[in-house]
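Chemist: What follows is each chain in one-letter form.
Number of protein chains: 2
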Amino acid sequence: MTNENILIGSAIIGQSGGPSSVINASAYGVIKTALESEYITNVYGANHGIKGVLDDRLMDMSKEDPAELELLLHTPSSALGSCRYKIAEPEKDDTDFKRILEIFKKYNVRYFFYNGGNDSMDTCNKINRYLKSVGYECRVFGVPKTIDNDLFGTDHCPGFASAAKYIATSVMEVSRDSQVYNTGMVTIIECMGRHAGWLTAAAALAGEKGDGPDLIYLPEVDFVMEDFVRDVKRVYNEKHNCIVAVSEGVHYADGRFVSEAKTSGTDGFGHAQLGGLAARLAAVVKEELGVKVRGIELSLLQRCAAHCASATDIEESFNSGKTAVESALAGESGKMVGFRCDRTDGYRCEYVLFDLEKVANFEQKVPLEWITEDHAHVTDDFIRYCAPLIRGDLVVPMEDGLPRFAKLKKVFA
Amino acid sequence: MTNENILIGSAIIGQSGGPSSVINASAYGVIKTALESEYITNVYGANHGIKGVLDDRLMDMSKEDPAELELLLHTPSSALGSCRYKIAEPEKDDTDFKRILEIFKKYNVRYFFYNGGNDSMDTCNKINRYLKSVGYECRVFGVPKTIDNDLFGTDHCPGFASAAKYIATSVMEVSRDSQVYNTGMVTIIECMGRHAGWLTAAAALAGEKGDGPDLIYLPEVDFVMEDFVRDVKRVYNEKHNCIVAVSEGVHYADGRFVSEAKTSGTDGFGHAQLGGLAARLAAVVKEELGVKVRGIELSLLQRCAAHCASATDIEESFNSGKTAVESALAGESGKMVGFRCDRTDGYRCEYVLFDLEKVANFEQKVPLEWITEDHAHVTDDFIRYCAPLIRGDLVVPMEDGLPRFAKLKKVFA
Chain A
1 MTNENILIGS
11 AIIGQSGGPS
21 SVINASAYGV
31 IKTALESEYI
41 TNVYGANHGI
51 KGVLDDRLMD
61 MSKEDPAELE
71 LLLHTPSSAL
81 GSCRYKIAEP
91 EKDDTDFKRI
101 LEIFKKYNVR
111 YFFYNGGNDS
121 MDTCNKINRY
131 LKSVGYECRV
141 FGVPKTIDND
151 LFGTDHCPGF
161 ASAAKYIATS
171 VMEVSRDSQV
181 YNTGMVTIIE
191 CMGRHAGWLT
201 AAAALAGEKG
211 DGPDLIYLPE
221 VDFVMEDFVR
231 DVKRVYNEKH
241 NCIVAVSEGV
251 HYADGRFVSE
261 AKTSGTDGFG
271 HAQLGGLAAR
281 LAAVVKEELG
291 VKVRGIELSL
301 LQRCAAHCAS
311 ATDIEESFNS
321 GKTAVESALA
331 GESGKMVGFR
341 CDRTDGYRCE
351 YVLFDLEKVA
361 NFEQKVPLEW
371 ITEDHAHVTD
381 DFIRYCAPLI
391 RGDLVVPMED
401 GLPRFAKLKK
411 VFA
Chain X
1 MTNENILIGS
11 AIIGQSGGPS
21 SVINASAYGV
31 IKTALESEYI
41 TNVYGANHGI
51 KGVLDDRLMD
61 MSKEDPAELE
71 LLLHTPSSAL
81 GSCRYKIAEP
91 EKDDTDFKRI
101 LEIFKKYNVR
111 YFFYNGGNDS
121 MDTCNKINRY
131 LKSVGYECRV
141 FGVPKTIDND
151 LFGTDHCPGF
161 ASAAKYIATS
171 VMEVSRDSQV
181 YNTGMVTIIE
191 CMGRHAGWLT
201 AAAALAGEKG
211 DGPDLIYLPE
221 VDFVMEDFVR
231 DVKRVYNEKH
241 NCIVAVSEGV
251 HYADGRFVSE
261 AKTSGTDGFG
271 HAQLGGLAAR
281 LAAVVKEELG
291 VKVRGIELSL
301 LQRCAAHCAS
311 ATDIEESFNS
321 GKTAVESALA
331 GESGKMVGFR
341 CDRTDGYRCE
351 YVLFDLEKVA
361 NFEQKVPLEW
371 ITEDHAHVTD
381 DFIRYCAPLI
391 RGDLVVPMED
401 GLPRFAKLKK
411 VFA
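One line per chain: the protein sequences are A and X, in this order.
Residue numbers for the first sequence follow our numbering, beginning at 1 and rising by one.
Residue numbers for the second sequence follow our numbering, beginning at 1 and rising by one.
Check before you lean on any hint, since a few could be wrong.
A pair holds if it fits inside one copy or across any two, identical chains being indistinguishable in the list.
No more than 27 Å apart at the CA atoms, straight line, and that leaves these computed lysine-lysine pairs for DSS-like [as the list claims (entries may be wrong)]:
{"hint": "1", "residue 1": "K365", "residue 2": "K209"}
{"hint": "2", "residue 1": "K132", "residue 2": "K105"}
{"hint": "3", "residue 1": "K86", "residue 2": "K286"}
{"hint": "4", "residue 1": "K365", "residue 2": "K98"}
{"hint": "5", "residue 1": "K286", "residue 2": "K51"}
{"hint": "6", "residue 1": "K239", "residue 2": "K410"}
{"hint": "7", "residue 1": "K358", "residue 2": "K209"}
{"hint": "8", "residue 1": "K292", "residue 2": "K132"}
{"hint": "9", "residue 1": "K365", "residue 2": "K86"}
{"hint": "10", "residue 1": "K105", "residue 2": "K51"}
{"hint": "11", "residue 1": "K86", "residue 2": "K51"}
{"hint": "12", "residue 1": "K105", "residue 2": "K365"}
The hints are simulated quantities; they were obtained by calculation from the structure and are not laboratory data.
These numbers were taken from a predicted model, which means no experiment stands behind them.
Work the whole structure out from these sequences, hints included.
Modeler: What follows is the structure in structure tokens.
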């Protein structure tokens, strides 16, 4: 590091948006690296993301037991607390930004790391823009997290692979379970993913082991109920069994969600709260085919199943946090850490920086050419892309047969 | 073994009823021990339980790769195929029994092992009674399996602990996930168990780690909707969060299942098919409290999650199969293998035999004194009973980040 890059001050790490199994591994990458840096004077965790900054609720990370902090590698959900807070455009309403600046000055915050998905990268980008506009020197970094795998630019997102592994594992197990009787059964498994079908596509990994779904429906293409019923009927008549993986976000050609009768509430960003699709499709199949059907919604389980996380995902999540701190210390700012991967000869992952301006609010979807022509499965290209991400030997710290999660003291500054 | 106990002939192992994560560990205990015995000439797996015997579909277990057979320890669901076939009382209708005898004579079957729950023990008992009545020498053994943990006499049932571990683990993870926002949330987790609340009670194990359910509702006591709403309201007002574990089988004082609007179909034994309770209770809470609620049905996942099985359960399941064969070779018949456990100084499990006549068709429920007075949680006695069952170091055979399940050739005799 050259002298001119040296910036001395405090760091804040915040977590935002929906949690994942490994979001804390990224936070730990930031916290550990920041605590070890000679230029970072204090490391604060914002309680409930940017809301914690606005409310002056900062937790002193140096007060935590290092062994507990290390358990963050295997602790699901956002240990610092998360939020879904839509921040304004600084050019239109700078109220929140003035408050953020006030807090940053109070604690001499010169490093800001924000750990989240699309909306969080947007928040991060706006803070960066505002701080620059008022000439406050602060290095702002996005540390990506999203099981949805929909962040622009990066090969994949931390959190995706662990959810993918959980989904593939569960599909394998349910597939075995659904075949014990010779009486025939259709099983419909609903996976998360509002606009991008990455998670649902990951069910296909189970197929590599011979226990995969027969049909896969993604939100990248329009859902046609008649085609769905025809597909299920065909598979069932052939095999006397049928496993379907379907994304919560599948929609008709006019844009209506198939599950939409259930979209009663919305989250803080105005997204519809989906759910109940599996049960709905199960009812249709029962009505049309008259066979035994079961709908299974993987629900929250798929985003918090740390006991089944991908070891590769944990490593990459940690490293993305670490890289963010190291890059910030080296003088970079306004960036998000991402991955560039090479699968030509095994699998190699390189950590690269993307402009926050470019990644914010752009959703990366499953390429259409990775969806089969009948819109009811994915191609081998997807398997080649996804398979390396779930590999690695996972060792979960256990106590009495149950996972041992981090217990933070949360000492407020 | 004394000479008079020697009986030379073939053995059949069949699996029946709902599968579990470890039912194949029991089957493997039978198969391996039987294959190694000098008195057992052939080891057959009945394809789909007693239906496989009636249909003369017997698979030659000696034709399987021993390494694949060993993977049965970690392969969920019933690898031989299961059935839900209600067999008649032999004294009233002996059609099936005559056919069974015909098959037994064809293959010189002198050992019959039946791996299942309550209804399977009943089938096993009837076969034993019939064969005795016609003077056909055959040693008949029940090898217990039921995640419901409701078999009479035995301390607990193989399969229960693995489902219990999965439930406790999932509750821990969901509990963490439900607390990331400071906006408040009620989460309702529905567990299996029609008449016995063992599985739902197991959610309490998560509480020992600080991430347990606030409220637990079992079918052993009547469910009162007003009390449920009052309990949730109290917890939510106190903690701004509430985790509920509820059994699919909770019912009102008049016996109606709380989920009953959903009981459209029945299984082969005449049981109602339950499901949808979590969503129903979530709707009530939303209506009454107006807060964010999520209903999660653990569904099939809890009975097939071999990736999260209890190492103790796998060992005990294997040993119960092994003990069945050893006891049969020693001359015993008409018995079920069960467990007698001592928890006074650590945990010790002894394998004992119970008369099939006594265990068939009797459901063992959670003792009422293990349910708290307000009917909304379980006592420490339950924890002391359950905690040792989920311990042990699990090592799951993995390949490419996914479990490696047994692939049987299924060579028919």
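Chemist: It remains to establish, for every hint, whether it holds in the given structure.
Modeler: Structure-based check of each hint:
no.: 1; hint: K365 / K209; verdict: within (25 Å within a copy, 39 Å between copies)
no.: 2; hint: K132 / K105; verdict: within (14 Å within a copy, 88 Å between copies)
no.: 3; hint: K86 / K286; verdict: between (42 Å within a copy, 24 Å between copies)
no.: 4; hint: K365 / K98; verdict: neither (35 Å within a copy, 61 Å between copies)
no.: 5; hint: K286 / K51; verdict: between (46 Å within a copy, 26 Å between copies)
no.: 6; hint: K239 / K410; verdict: between (55 Å within a copy, 17 Å between copies)
no.: 7; hint: K358 / K209; verdict: neither (38 Å within a copy, 42 Å between copies)
no.: 8; hint: K292 / K132; verdict: neither (61 Å within a copy, 38 Å between copies)
no.: 9; hint: K365 / K86; verdict: within (23 Å within a copy, 50 Å between copies)
no.: 10; hint: K105 / K51; verdict: within (17 Å within a copy, 76 Å between copies)
no.: 11; hint: K86 / K51; verdict: within (10 Å within a copy, 60 Å between copies)
no.: 12; hint: K105 / K365; verdict: neither (39 Å within a copy, 62 Å between copies)
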